[in-house]
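K.L.:
Taken in sequence, the protein lines are chains A and B. Note that the working numbering numbers the first sequence so that position 449 is 436, with each residue one more than the last. Note that the working numbering numbers the second sequence so that position 327 is 314, with each residue one more than the last.
A couple of the hints might just be wrong.
Same chains, same names: a pair is fine if it fits in one copy or spans any two.
Said to hold, decoys possible - As a list, the in silico DSSO-like pairs of lysine-lysine whose alpha-carbon atoms are at most 27 Å apart:
(1) K410 x K469
(2) K395 x K564
(3) K450 x K409
(4) K47 x K446
(5) K548 x K47
The hints are simulated quantities; they were obtained by calculation from the structure and are not laboratory data.
2 protein chains.
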Amino acid sequence: MASAVNKTAHPFDKTRLEALLNRRFFYAPAFEIYGGVAGLYDYGPPGSSLQANIIAEWRKHFIVEDHMLELDTTIMTPAPVFETSGHVARFADWMVKDTKTGDVLRADHLVKNVLEARLAGNQEARGLAAAPPTEDKKKKKKNVKAAAVQLPDEVVAEYEKILAQLDNYSGPEIGELCRKHDLRNPDTNNEVGEPQLFNLMFASSIGPTGQHPGYLRPETAQGHFLNFSRLLEFNNGRVPFASAQIGRSFRNEISPRAGLLRVREFTMAEIEHYVDPEDKSHEHFNEVRDVKIVLLDRHVQEAGQSTTVTMTVGEAVDKGIIANQTLGYFVARIQQFLLKIGINPERLRFRQHMANEMAHYATDCWDAEIHNSTGWTECVGCADRAAYDLSVHSAKTGQALVVRQALKEPIVTEKEVPEWNKKALGKTYKADAGVIQKMVESMDQAELTRLKGELAQGKTVLKTSDGRELEITPEILTIERKTFKQSIREFTPNVIEPSFGLGRILYTLLEHSFWSREQDVERGVLSLPPLVAPTKVLIVPLSAREEFDPLVKEVSSKLRKAGIFSRVDDSNTSIGKRYARNDELGTPYGVTLDFASVQNRTMTLRERDTMDQRIGSIDEVIAVVTELVNGTIDWEAACERLPAYDGVQAIDA
Amino acid sequence: MASAVNKTAHPFDKTRLEALLNRRFFYAPAFEIYGGVAGLYDYGPPGSSLQANIIAEWRKHFIVEDHMLELDTTIMTPAPVFETSGHVARFADWMVKDTKTGDVLRADHLVKNVLEARLAGNQEARGLAAAPPTEDKKKKKKNVKAAAVQLPDEVVAEYEKILAQLDNYSGPEIGELCRKHDLRNPDTNNEVGEPQLFNLMFASSIGPTGQHPGYLRPETAQGHFLNFSRLLEFNNGRVPFASAQIGRSFRNEISPRAGLLRVREFTMAEIEHYVDPEDKSHEHFNEVRDVKIVLLDRHVQEAGQSTTVTMTVGEAVDKGIIANQTLGYFVARIQQFLLKIGINPERLRFRQHMANEMAHYATDCWDAEIHNSTGWTECVGCADRAAYDLSVHSAKTGQALVVRQALKEPIVTEKEVPEWNKKALGKTYKADAGVIQKMVESMDQAELTRLKGELAQGKTVLKTSDGRELEITPEILTIERKTFKQSIREFTPNVIEPSFGLGRILYTLLEHSFWSREQDVERGVLSLPPLVAPTKVLIVPLSAREEFDPLVKEVSSKLRKAGIFSRVDDSNTSIGKRYARNDELGTPYGVTLDFASVQNRTMTLRERDTMDQRIGSIDEVIAVVTELVNGTIDWEAACERLPAYDGVQAIDA
């Protein structure tokens, strides 16, 4: 029987988790011995393994199961690509510079911080307590303080109006605001210069001449789109299909301060699913129709509310809350993936973007938001980019990025078509022959039908633009009804894009997995599922004495053959301490080799969360732990196969 | 019985291979619809899978089997790191600019091309045929032509001397050569400017102020070194251990023109193995001692020869050809890895760097060179970087990057130590007290022994630098013999670095795998081993008719459960054509589902190289193909379990 575990005996303690992650080198600030650089992190051994395991599962869950076409494209991108995609013009924030120190501030943040501080000062001066800053505000920005000065009512109203529509101001308008309201750098009280666009892409230059500007991609998506024709051909010319890519992207964030949640270099996993714009159904939609999801749609948000609803994906699509089956399919698949790797289902929701917050290329977007200590955080975006990207690249390069589809039923149309006796036309009208032809060829079907009628009567008269009248007879022109058959349909596919920020998912997963033992708050545990845990089994010999070596090697090699990643900890410390250290690393199982192992070939098996210990023959324990790691049995079932070990206290003390 | 296959019926045809790789989208020039950028490539679905499989095997072969610590570090690196590592100063080539067009040329290449052309012109003028360009030269550079002008003998001698020591000239010296010999841009006949260093790192800027220059890493190694202390702690403070990383690196090559063999952005896999400089033995060396390798050592090369020798790794280390066991261990493991993924053992050798060609950080280096259509190509470097990197970063940052080891036997030393009666010293000498102390403290052991002797006699006299004589008595100073015990040894580990260029390995593997069917040169085959083949099994239903759907799904799902990656090709073309197409993709096995499958639940199994076909029940065939892909049986063994299928001709015609 498995023991009960109380994982909520101690409230979540972020400081304790961060200390653990740093101490066990899940990740650490990059270039730390050089003082570090904001927004850049290195993953150490457990972080790298965790990330590699998440990626492996992602590849299996999305690429293999849905037969996607994997790509590995280039990060360093020539400027024209991002000029076309709109990133050079629009992937930017407005910045202002302190006129004396040269410090750079994000323009909208400056306006917000200064006006909010003045309003707070006004509250104070009027004897009203300023509203306490929210949890979010406390963490994300420096406290800007303004003197307790009372403001006239009309100024208060004006400030409030500015704040409410802050996202709508252009750079020059913000500059105007700064001058009008004397908004200064709160750190120095210096004036700031004119707002300038600061592009968030890292710029470089390709080749030795300096004449070929390039950018580091801020997303992997353009690499998919530029290869669309090759991908389509690889897929035998058919849609729907999807390309997928896992790789680094870069964003030169102004002032990143949120750990792995906002970084300048990150690993993304992106899918671009190409569909017929007239048919966004999905072949496997029925397999996910009954998946229940928590939704926060745009109408609710636009009404200023945040009430979520729970319904099946099928219901959401049927009711038109999620626009089409393909979007719905991916929303469900994203949720299945996140739960599989260990995200808490009660802290996951799908939020629809409001019209004014969508990226420049998107027509609809649902974010998988996961709740963590900073609030709800976008971890996966699922956007309908429509035909935007393929259209702009096609227009710029002159390359057709389209699907050509044989129509099952050709479209048959009939048209009136002019037929000329060119010889007679030239002979009769000489220089006017061309004019006449042009006039007739540009007529619409109604006019041609009228002309046909008149010609059937013997003649018709055309009026030239300079007012002359030219008589035309059936010898020169006949109008005939002809049949046309169109057997190919050509269209630019729409793109549905699920886009995963792996670092955000990884960090949030670590928060969801962290707890402390009821009896000792210092003993932190990461309850990572075996699927993603960096190490699956810890092998713990009682000591580093040579007599354990053959057994350690045997167990290690048998686990390797079973495809189970294990590590040996033969360090010179108690077994209990070694297990505690590996609880911090999220290692789900441990096996202990002691003198009984040498004598009887038995081994104990320990489960991380419950600290339960069972005992069995070495081969039996390996068989059980293999099934546990592969997820074919759970701990309850394992307990039925292996008797309890009665030396538990001695070892975990 | 398996059929014999003649893979050398047609000579290797690079054009045909390149057409295949392009057509089947193994890889393609990046940004192709924008005209492409030299040295940047995108991997399509088969190339991505092949790369992912090579990486998965690399991870298993090196990281898992040798318990290395995996890292995932940052690409965007602040400039000070590469200033310290020496890359800012030395990771560069000398460039010259055409004074009129601004075209950039590599300075040493300009000198070489122009002087060689003049020498050829001289030969021609003297009526001697110029030596035909070698294979390599034809491919790698544009033909530079000079008029057939006879040169004085002393000029010929001077040119030849310059060419022989071209690698020794500094930039200013090359500038001098250009002026003295009027060396001009051969494309335009314009003069060139002063040589300037062109650094091969891509430069950028981190953050919004433009004040933090950064570079894209040209290797992953520095990311390991900067994290050394954390890694050491993770490994419980012990060496040897290794860190490993797979990731992108960037080099802004001047004019890359060799396909995947010289690119500006590439995936590397690097190991940094940290060892005690006084003990470079390797725990598992005996496991590889008998591995036979082909060697080309530096002495042979320095004697102007290229004769290789074959010997075991054990012999090479014993004879001191390979400097130590750890280098030898990695040479053997590198070879095992390369052969496992399908590199032809007859086209692999290990070449030692000559003293003058080593990178600035290396003290010894062996390259795994693989032969391909361009000649012998460095695909893996295995360098002993000694303590270079850890030392320079430690010196720069003031952080100790050292190993502290408890000595088993403390080192005990005895020393003469001065002991002062400070009160008496101050009272007697006042202002000179400090001077006297300094003089005595800076004495070596021999001087202190002499002093001790004199003091035993009653007194000693010290001469100050300004010529005064000061008398010292035993009341003021005694010299005593004391015992010192050192129980910790501190050292900077040395680093052995195997560094893999995955793109070069991948391309060379494709060359080694390519051949054409004896009966039809148009039918190219890639004989990739199942281990790395993008798709392991092709499922081919006779047609896309619905009656095959349930079987296709069943086979597909059973293979997936067995962990075998398969694809279905139900395109509207003959089975033979579908197989031919998948021979080009390197798919080792194919199963055909036809009407017999529907009636009798049988399936045929086809082997790619022999085109043999066998038949069995669906479950039997799946069992056999699973073993084939996992490498537990070979095709001969499979043939014993499954009878031959007699419909071969009909299907492969």
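K.L.:
Compare the structure with each hint and give your call.
P.N.:
Here is what the structure says about each hint:
1. K410 x K469: For K410 and K469, only the intra-copy Cα distance (23 Å) is at most 27 Å; the inter-copy one is 125 Å.
2. K395 x K564: Between copies only: 25 Å across chains, 70 Å inside a chain, cut-off 27 Å.
3. K450 x K409: Within one copy only: 20 Å inside a chain, 126 Å across chains, cut-off 27 Å.
4. K47 x K446: Answer is neither; intra-copy 74 Å and inter-copy 87 Å both fail.
5. K548 x K47: both (21 Å within a copy, 12 Å between copies)
Of the numbered hints stated above, the single one contradicted by the structure is hint 4.
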